[in-house]
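Take a look at the letters that make up each chain.
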Amino acid sequence: MITDIALALVQALVVAAGAPLLVGALRTLKARLVGRRGPRPWQPYADLAKLLRKEAVVSTTTSWVFRVTPYVLVATMLVAAVIVPVVASRTALPFAGIILLMYLFLVGAFFLALAGLDSGSAFGGMGASREVAVAALAEPTVILAVFALALRAETTNLGGIVARFAGEPSLAASPGHLLAFAAFFIVMLAETGRLPVDNPATHLELTMIHEAMVLEYAGRYLALVEWAGAMKLFVFLTLLANLFFPWGVPSLVAPAPILLGLGVLMVKLALLTVGLAVLETIVAKLRLFRVPELLAGSFALALLSVTAVFLVP
Amino acid sequence: MTASLLFGLAAAGGALATVIGVAGLLGAGGRVAVAWLVPLGGLELSLDPLGGFFLALVGASTVPASIYAIGYTTGERRGVLAYLGFVAAMGLVPLAANVMTFVIAWELMSLASYFLVLHDRESDESIEAAWIYAVMSQIGLACVLAGMLLLIATTGSVSFADWSRAAPGLSSGARALPLLLLGLGFASKAGVIPLHVWLPRAHPAAPSHVSALMSGVMVKLGIYGLVRASLDWLAPTPVWWGAAVLLAGAVSAVVGILYAVVERDLKRLLAFSSIENVGVILIGLGAGLLFRAVGLGSLAVLAVAAALYHALNHAAFKSLLFLGAGAVVHATGTRNMNALGGLVSRMPWTAACFVFGAAAIAALPPLNGFVSEWLIFQALLQNLHVARLELNLTFTFGLAALALTSGLTLACFVKAAGITFLAVPRSEVAAGAHEAPVTMRIAMVLLAGACVALGLGPTLVLPALAGLVGPLVGAELPALGDGLTVRVSGEFAALSPLALTAVLGIALLAPLLGLRLAGASRRTRWYETWACGRMLQTARMEYTATAFSNPFKRVFDFFYRPAKRLDIAFHPESRFFVERIEYASPTRPLFEEWLYQPALAALTGLAAVARRLQSGSANAYLAYILGALLILLVLA
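Chains A and B are the protein sequences, given in the same order.
Just so it is clear: in the first sequence, position 273 is 273 by my numbering, and no numbers are missing.
Just so it is clear: in the second sequence, position 86 is 399 by my numbering, and no numbers are missing.
None of these hints come from the bench; they were simulated from the model.
Careful: at least some of the hints might be erroneous.
[What the hints assert, rightly or not] Taking lysine to aspartate or glutamate pairs in the EDC-like style, the calculated list, with each CA pair at most 20 Å apart, reads:
no.: 1; chain 1: A; residue 1: 54; chain 2: B; residue 2: 841
no.: 2; chain 1: B; residue 1: 866; chain 2: B; residue 2: 841
no.: 3; chain 1: B; residue 1: 866; chain 2: A; residue 2: 280
no.: 4; chain 1: A; residue 1: 30; chain 2: A; residue 2: 55
no.: 5; chain 1: B; residue 1: 877; chain 2: B; residue 2: 841
no.: 6; chain 1: A; residue 1: 30; chain 2: A; residue 2: 280
All values derive from a computational prediction rather than experimental measurement.
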């Protein structure tokens, strides 16, 4: 119980504190890849601090939904950070598994889309409509992809899955696993609003998805929304790193292994960040109505990976 | 005043029925028989755990609906009697112990609800809805009756108790046809695709408290029939039946929510979503029947209990949403979401309750929809213990359908809540809306409370449901966890909604405290929405329901087959000035076009052929009688 609480606090802290750095590093890398100097990796911390000092401008057409949403977003991401095995192959909340994690992301999407509609501007509505369309198509893929792993590991407990695959690395090289990885990677791009689904750097309203929805936020509310977005990216990349490459995740919860686990995680995340930066530099954004084709493709991959569990014993 | 009194009476009766039902669920039995009143076995009622569960469902839903009706109908007497009959008949259906009693209760339920659908006699839409409803419910009854008559013929008894005693000895041939007929009849009442055509027409046409009961409870009695037939009268069912139920559920779930997501009529949206939820329940039930057919009894208990749990949850949140939609209709007189908006500041209670219900139906943790969908997901994942590839693939199909449904449900209810209640009103009626009267608010708050309680209390509800299903399936109960945590298959999965709520609460405090500690600015300036510097914010800038669902229409255009109509009237002086633009993009009803219209055409054709026999000449008729007599004599 005490170790679980300590682990939960450590994970929440790692994700909450590390998320802005991840986003900053990604931006710096992308800038360097296209030949710009770009901001320093720790720029997001400065941005957040600046936003916190500013007053919040809130639209007169909005209701309590708009003001509650940023808090709900941060809260769900903090809980998600505790459920995902970040620094140890043990879930700090023994009563939570992958299905809960997926539905926690839906809580955030639900409130954010309502907040987008609440502003009453065309951009908010457009962003909300597109965001739920993308979420509605990405969600089943994520669920199926992690089910493929859960069926193979015979548990839906995320810590259990990581421990199982870390113990038997040959399982992680099966074709079903690779299909699930491909499917999961594609929907990770969609769920966290990265290229080629959405462009996080765009400021042209008509092409925005996520950014259009949060257009009305300012000051401390915007800080919370941005911070939650960064945490979502961190959680998804961690999930990708630890579910599909479970090596080096300590099973023991004690200070020394946890530090080691943190080091391993940072290496994995650094590699994934480089990969993501390269990908975002070489691909162009898809037209909005080509996105469903991409997601349908990843859905098919995920379905195949579940089927493979039964076909390839 | 009399009307209010009668509705109060219905609420009290509902509360009593709930108590009796829960007692029955927990094992209390009882039997009432009046043999002389009607022929063929007389009236006979009996209480068993399965019937008790559904009686409690009827009773518990009647309480808020009746309280709501006091404010909603504002003392209007018309429809009160039909309402009382409807509620009473629904309570009798799960208690019926023989064919005669069942058919009387079932028909009374259909008839009373027919009159309630016809409540608005001036509108052509209501009349058409009631007509289609009447036809479909009679076709359903015909199927149920045929199935029951076959069972009477094989078992030689009209009593349900005799059927369940005879069930294990039936040959698979004697099992198949009654199963199919009963299944079709009950599925049409449950609104399973493609027998659903009446549902999205009839449910919205009725007054909202009746819509809530029709969607929340009456379709569940179709589920009751399916459970009763599959687990009691004709148990154990073959493998193909379980697979058929699961696949029908998967198709209903996906097709139902696809129609719901593009709907702009608020009550029709809710009705289509009922089809989706019935699908989800059937996925769970089908999984349970499959587990049972392959001999995995305790997994069957888990899956069927999960399905019943979802039935209960759906009654809570769908009633809540229909009552919320009713409050909107009451205040504005329209169900068209494109004319609504901005109601959150005008009807704060209704808006909060509706958003709550939307979150529950979208299966957001820790509310009740999440708990039962979680259980159904877990039940489906247990197919890893089934060693038959074709069944594994069936289960996987169910998993994929449920996963697809979950995302689309979210989109659907973001739209329903967001477009209806948030931002700026899109019409004058919406701008002049008023909050619902106090009785209506009480009813909605009660149901919202039920959504929370059912979400937090699976460790209380689930063992009771498993205790109900266990004896029917004939399997020992699986260990379902301890006081706080629900567990599935030992270490496979665990969920503790109470602990989760506590953690979520702490996590909500974190940003609040964090902002305070970081010394964040607490100033807020209220200003109008920014939109590229135009002068005025009007409702025309907002996204509408139609616009919101446009991405779905485009993504799934192979399913909706939208027909586009664009009418532009140009100014007579110059065609560069447009006088009027009309744009319509209706979706084409797939099942009506491909199934019902050909069937109707075939029926009409057949009738035309049969008409030739009826020439009207008495001599010809005498010849027919002679011919029939001769044939009978030869056959004898």
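Hint-by-hint comparison with the structure:
1. At roughly 18 Å between alpha-carbon atoms, residue 54 of chain A and residue 841 of chain B fall within 20 Å of each other, so this suggested pair holds.
2. Restraint check for residue 866 of chain B and residue 841 of chain B: the C-alpha separation of about 32 Å exceeds 20 Å, so the hint is violated.
3. For the given pair, residue 866 of chain B sits about 29 Å from residue 280 of chain A by alpha-carbon distance, which is inconsistent with the 20 Å threshold.
4. With a C-alpha separation of about 31 Å, the suggested pair residue 30 of chain A and residue 55 of chain A falls outside the 20 Å cut-off, and the hint is violated.
5. A distance of roughly 36 Å separates the Cα atoms of residue 877 of chain B and residue 841 of chain B; the hinted pair therefore is violated under the 20 Å criterion.
6. A hinted pair counts as satisfied when its Cα atoms are at most 20 Å apart, and residue 30 of chain A with residue 280 of chain A qualifies at roughly 8 Å.
Taken one by one, the earlier hints fail for this structure at numbers 2, 3, 4 and 5, listed in ascending order.
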